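One letter stands for each residue in the lines below.
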Amino acid sequence: MSCCKVPVLIEAQVEMGSVNELEHKSLFRQEDDAAQTKEASLMEQGSLSTSFPQHTPKSPKNSVLNSIKIVIFCNKLNLLLPFGPLAILVHYMIDSKRWVFLLTLVGITPLAERLGYATEQLACYTGPTVGGLLNATFGNVTELIISIFALKNGMIRVVQLTLLGSILSNMLLVLGCAFFCGGLVFYQKDQVFDKGTATVNSGLLLMAVMGILFPAVLHYTHSEVHAGSSELALSRFSSCIMLIAYAAYLFFQLKSQSNSYSPLDEETNQNEETSAEDEDPEISKWEAIIWLSILTAWVSLLSGYLVDAIEGASVSWNIPISFISVILLPIVGNAAEHAGAIMFAMKDKLDLSLGVAIGSSIQISMFAVPFCVVIGWMMGQQMDLNFQLFETAMLFITVIVVAFFLQEGTSNYFKGLMLILCYLIVAASFFVHEDPPQDGI
Amino acid sequence: MRSQISCRELYLMFSNLFKSMGCCKVSSLMQAQVEMGLGNEVELKSLLEQETDSRQTNAASLMEQGLHRERRAKVPRNNVVQSFKIVILSNKLNLLLPFGPLAILVHYLTDSKGWFFLLSLVGITPLAERLGYATEQLACYTGSTVGGLLNATFGNVIELIISIIALKNGMVRVVQLTLLGSILSNMLLVLGCAFFFGGLVFSRKDQVFDKGNAVVSSGMLLMAVMGLLFPTVLHYTQSEVHAGSSVLALSRFISCIMLVAYAAYLFFQLKSQPSVYTEERNHNTEMSEDDEDPEISKWEAIIWLSIFTAWVSILSGYLVDAIEGASVSWKIPVSFISVILLPIVGNAAEHAGAVMFAMKDKLDLSLGVAIGSSIQISMFLVPFCVVIGWMMGVQMDLNFQLYETATLFITVIVVAFFLHEGTSNYFKGLMLILCYLIVAASFFVHEGPRQG
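Residue numbers (UniProt numbering), protein chains in the order written: chain A, 1 to 441; chain B, 1 to 452.
Simulated from the structure, these hints should not be mistaken for lab results. Any given hint could be a false lead.
Straight line, CA to CA, 27 Å or less: simulated DSS-like cross-link-like pairs of lysine-lysine [claimed, not checked]:
{"hint": "1", "chain 1": "B", "residue 1": "Lys211", "chain 2": "B", "residue 2": "Lys428"}
{"hint": "2", "chain 1": "A", "residue 1": "Lys189", "chain 2": "B", "residue 2": "Lys271"}
{"hint": "3", "chain 1": "A", "residue 1": "Lys195", "chain 2": "B", "residue 2": "Lys211"}
{"hint": "4", "chain 1": "B", "residue 1": "Lys360", "chain 2": "B", "residue 2": "Lys211"}
{"hint": "5", "chain 1": "B", "residue 1": "Lys428", "chain 2": "A", "residue 2": "Lys195"}
{"hint": "6", "chain 1": "B", "residue 1": "Lys331", "chain 2": "B", "residue 2": "Lys205"}
Since the structure is predicted, the reported quantities are computational estimates derived from the model, not experimental observations.
This is chain B alone, in the form it adopts within the complex (with noise of 0.2 Å):
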């Protein structure tokens, strides 16, 4: 998108709110990466158990980061202890961390599957922002044309993992609902939050974002509706050539087109964005030197990236085998948690960050958290998730069904109205948030045809 968010700005953003729940600096590559759509949580546990060791050795690796110190992008080369000291301890949100294991011995000492499956999400939640962490470090060091390409593909990685997990087991309808429920959950429930927020704050005037960004993601959202469409509806008036076969194929050729669009969006994006730069180096000098400033070198950051993924594919096993479990025993639809429950506490970090953008009048960098996030899932996930399936064998197609189809058409439209003004006060947050509350509600009384 064409944001004008400062790299400065969205730093300053993230450090203030990373501040108050903790001590991390958030470098300056957030902005590529917010503009992609990120915000991922990340998961740590294993790790906890060396807490003990860290208080050891604590002043004899303060030493040893003191002496590198003269580095041009100052990477630091921390030691184990420190780097777990970095990445776990200094957010709050880790306090949840335990929650992981706990699920896990909950899952074989009872037979418990809701509240295994409680737990698990609770769990979750803090390696997503920890995984988001991690991305963006690496960032630092790849410059912001890959920096932004890294976001754009990790930016949610977390339904990606749930989403290839269910796939295995071949539980289709899942890997749909969720998400569709994640597009939905960022269209309305973050966008309406942002919004919101940020007019009762600044109740005086109307905010403003730029026109142009919202209406090509308009037109985005749309193309990843009319692909989602066409299936749905061939499907659904049994005018198929081949039936059963035809929409399969046609949902695989649909999804490739869609993801070279996305490329095409992601070059379009990347070739604008030196012009959004230029005009907002100039407004953050002041803050300069502490962009450059990574906190964990390189290798460590594909380190922790990769036992965080780790984590999160383990954490994601076991909660896609309990939903089914969890929805008999608490006597909800399947597609209630799969489309409400599991994209909250999947955007919960992208929520809280477009949150705080709205409440200071960077209402860019929420439409990029929350539209650029939407578009990621509809435009990439959704049809590569398709060719993932394709290649397993499994006959993931793009027929979400009469029902998700049209409430993801209605509320695209919606949303693209609202949008395309260019300003935003309370009022049309709250319509946002109402809006999301009638489709849970419907998604709360809705369960999918038998033989779906």
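Excised from the complex, chain A in its bound form (with noise of 0.2 Å):
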């Protein structure tokens, strides 16, 4: 990962839980051609660059060629992109469906992280209101995209499990990580990060568990007014009260953007000696977008074989599909998003870490949480926010322990373990839980 710059607006995107994994597979077979033309397009690419000399972010026009060589081979991640069409292979020969389970979550992983270099290459454009949007709606796309495919095939479950996990994954593993390693490297002090970001991020995140709570309770004590459906109901009112929060949350922190970014002030300060390479965006505002809708398609492609494949890969494994979607799913869709976490922490920059995981948590649990369910209204599904009490319970009890590790404003080493600690207890936890059979949705 050691040659793609990382422009100034991956701090706005970061505080909006960026972070997108990209995917590409179908140009690798062009890989021939690129070596034949590449003299080609530097020259192209050369002569171009001088005609532009006064545009603010100099949008290089490249070649096809150079196009994919960029967004392509530059990234040791992306060694893994054959794994995609593997699956597929995999998919139609042999009928096991585990290999093609592990196959396509392989391959999704680095198509999840050149998504989000491609969102952020997009975002140089647009500036950092648009960019920061573009990050919030785009951060977590991958579950977003795997969620809408499960919908579809009815599998309600699988998609409330898969978002929880994300959630759970992102505010205690990343967040546990990101905490523990920085806190390795600077042991000698506490690493601090801003206070005032965190409760609010923290009373968000009560906010939705609010919102999910009311509903698993309406159900599990049987006293709804009309029994089966004021529960739908209440969870549809609930979704567009929480997207309406969500999108209020996004218009209070781009307002105060002058005023969150002082704190951080002293990191654009020393990243001076970077700075020119801020607003240098490697590939042209039409190919971000063409990129961006290529690796889309392609996550939604592997995406459909992932979620047809979970639960044969349940059984053959013999592990819960609560585990699975939890757990397996959420690890790998969150791998790109946990690397840059702890990356930022060892650099001691610890707010943008906060960023990354509570504000991917947020995404999650006040966006892509209720956007499922509005999705689900309009499919004719019966998606609703019970996500049953055992998940439930998890949820508030780890969102009440994030809330008071993250309340202070400091962290070390030991707290980032406590973290980790208790998401292996909440792992234990779906390893031996499945659904009550009454309650089968």
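Put the two chains together into one complex; each comes in its own frame, and the hints tell you how they fit.
Here it is as structure tokens:
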């Protein structure tokens, strides 16, 4: 991952919980062509760049092959790209669901990362506001796509569990690893982060828990006015409210960006030497849009196979579906965010790590979950916010634990270790958990 | 905890406390011990019979002791009776010691479980305190790190012994309830009394304590609640993969994780301790000569420790046997006895210590005693009992049943909220005490599900 530059907008993106992963497989076959026409394209790029010296973001006009080179070859993670088509091959040739599942998982990982790259490149051209919004929406597009596919197949429980697992993994595992690794590097002192932002984020997470808790308790206490349909109506209404809250949160963030950037000012000063690279996107605006679409299409394709294979994999590996959905899928989906958060923490930029981890959790709980409910509403699927008692209780206690750890504004390796151990407890609980038979949705 | 309590001050506190109770000196290691949540009580009954001998050889032993004063860490070489005199007779609380054997007599002579239970309870109280004394004396010889560890492990040895004996008898529910009660009593009653009395003494201002430590402690308690909550909810929603055995397997796994977390917590505390000592050392240099002066030698301390532990075990054995009988004859639910009565007795000395510290404006010490003890029980004793049960083949798990888990959860949340501001006053203390009364009343009218 050494040769990709990170634009200054990563901050805004990170605050919105960004870092997506991208996929791009089909162009691999054009590899041979690229080598032949390399020199031609380099010349092309050279002649064009001189004509745009005044452009504030230097918009490079790459040829297709150069574009491929930049987007595909520059990242070692993309070695995993062949696994995508391989998974599709296996799906049609063998009947082994678990291999399909495994290969798809591996194949999606680099895609997610490349999606984030393309989003961030596009954000160079759109300014910080729209860039932030872009990341706020596309931040967890992998999870969103997987969820929409599962919804289409009527696998509502898988949707709920995947989203829940993504929230838990971001809050406990990613944050815990960031605190832990950062604390190990800076063990003489406690690292600090902005307490105000952390408190607002905790408040939002608690509000999300509230939104999820009430339908679950309503259902569980059998106290609905119209048995069966009240809870669905309540879920849909709560989802609209949560979406409004999320929109307000974005508005609030963007408005106060001038203020919220002040604690990060030290970082921007320190990075002055890299500022020359910041405004320098690698691919042009239209290239970014095209890549974004291509990668999204590929993610969708693979996700379709992935969702199909979940139940088969669960049966053949003897693992409960909840464990696969809650623990395995999110770990893969969040791999790049995970690495990013740890790197930021080790550079003492804990606010960025927090932005990645907690921002992503907020995005999923306050945007992706209600959005799926609304999409389900439109599709005619009965997706609701009743995540069942066990999962809701788990989310509740996790949010409380994380809110307590965050409220002080400092971190050290011990807190990180605690969060990681909490995640192990959560993972172990899901390993021995399956839905009670009478509530099968 | 990164408490800023000076060993000297702690020493001063305890020495005043014990001077009022008698004439024992307190070592500097008490601080490290307190931070780990100590306060034990010790028992020593059999040596009372040697009381008459001691008077005769008093003069001789005094001369003996005088000869050894030039030793650096003045290791006093007491003979048996001298040792006995120091350990047993110097503490007024030890007047309660005869109740122990008396309880055993009652057990064999009459069939009254109620009286027997009461007498055993009373008999254990001084033992717990003496155990703490012996541990602290031993800690003088081992250095602060090992001393802290000693206290971290032996801090709540009474509860540990009672729990292991109950486990042996297969009384899993009693173990769970006793440990739970100890956590609740430490968090609400001990802390509440400390805040309340400290606030009364210093009524003009709010007392302050170290917020950072309080937050880390709250985090640990929440993690413990998490560890207890998941098996309980898993069982309650009947959503286990292998009905009946999943909860047990999960509990055992979680217990191992909690033990790892506790070890990391100790490591973290010990690592950050040197900074604590350096700033406080400057304050109380005038008391430096008293600190390094243990009263009994290392081997004496070890021997007394073993004797006390043995006595506690014997009495606890009878106590555990009598719980159910007492519950029937007094018409009180077993949960009330286990959750409220036993821990109050077990924590009596810690209680007194915490209140004294608060009244001298050393709230960090009080917090160390109260919250540290809660953490020790919830993150060490509970998982340790599960592991011990695992080895014994007893099916002890972390499923404390829904009612108890909910009580623990809400209590931890309340306490965490009260603590996170870093100040205290008598009102907060009163609130905590009243919360404890609510909890006690709830357990008075609660009995476990029949099949549990």
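Verification of the supplied hints:
no., hint, result
1, B:Lys211 <-> B:Lys428, "holds (16 Å)"
2, A:Lys189 <-> B:Lys271, "holds (12 Å)"
3, A:Lys195 <-> B:Lys211, "holds (15 Å)"
4, B:Lys360 <-> B:Lys211, "holds (19 Å)"
5, B:Lys428 <-> A:Lys195, "holds (25 Å)"
6, B:Lys331 <-> B:Lys205, "violated (45 Å)"
Hint violations for this structure: number 6 only, all remaining hints satisfied.
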